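Enquirer: Each chain, letter by letter, is given below.
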Amino acid sequence: RKEVEQDPGPFNVPEGATVAFNCTYSNSASQSFFWYRQDCRKEPKLLMSVYSSGNEDGRFTAQLNRASQYISLLIRDSKLSDSATYLCVVNMGTDKLIFGTGTRLQVFP
Amino acid sequence: ETGVTQTPRHLVMGMTNKKSLKCEQHLGHNAMYWYKQSAKKPLELMFVYNFKEQTENNSVPSRFSPECPNSSHLFLHLHTLQPEDSALYLCATTANIGSGQPQHFGDGTRLSIL
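Respectively, the protein sequence lines represent chains H and S. Under our numbering, think of the first position of the first sequence as 1, with each following residue one higher. Under our numbering, think of the first position of the second sequence as 1, with each following residue one higher.
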């Protein structure tokens, strides 16, 4: 089983749609969690950290369920500029980040 | 604009060449990392440096040799690479190791081995 699993997509959605990505992780000792965004041929950029209580940043909402070892990212009112690959990232507490393969999102007009 | 700068952005080299990748950070962070990103694979951690000392080598072949002369600079020396080493090489930093804080990435060096 992969340490961090994501649906690779692609998710093709129209502008204005709501889209949700899921991620599962295998190691229950994982300590912190992040969503990164990576544009084609660019470096990953931090989108948001993920907390057990859930957190929201504008149109983006992240949730963590430690019991189920599950992380989600919800994007509301999708924009064309949201088209990218979204990486689920788990920190094992030793600063060893484990990356998922990413979920590709394509927003069309 | 990233506070982590990598050079060169692109590198094409033969298998017998020797080259170096450079990473420079202006964030005042203490931990620096090298990652490899191959096509359709997740990012793989290669090396970790904390206050200039290497703290992790993730079973990386010896044809990759890291160097961290100070907390602002990190190098990856390359020699006798293989075609499967073609990938995007990313440098990242974090303020303090073990803090659980997110890492900040440079824009990477895209390496092609002929």
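Hints are computed from structural coordinates only; laboratory data are not their basis. This structure is a prediction, so every number in the text was calculated from the model and none was measured. The beta-carbon is built from N, C-alpha and C at its ideal position, and this holds for glycine as well. A hint or two may mislead.
Said to hold, decoys possible - Straight line, CA to CA, 20 Å or less: simulated SDA-like cross-link-like pairs of lysine to any residue:
(1) S:LYS41 - H:ASP7
(2) S:LYS41 - S:ASP107
(3) S:LYS22 - S:LYS52
(4) H:LYS42 - S:SER38
(5) S:LYS40 - H:THR24
(6) H:LYS96 - S:VAL60
(7) H:LYS42 - S:THR5
(8) S:LYS18 - S:PRO61
(9) H:LYS96 - S:GLU56
(10) S:LYS52 - S:ASN96
Claimed, not checked - Examples of chain S residues toward chain H, derived with CB under 10 Å:
(11) LYS19
(12) PHE51
(13) LYS52
(14) PRO83
Enquirer: Can you list which hints this structure breaks, lowest number first?
Expert: 11, 12, 13 and 14
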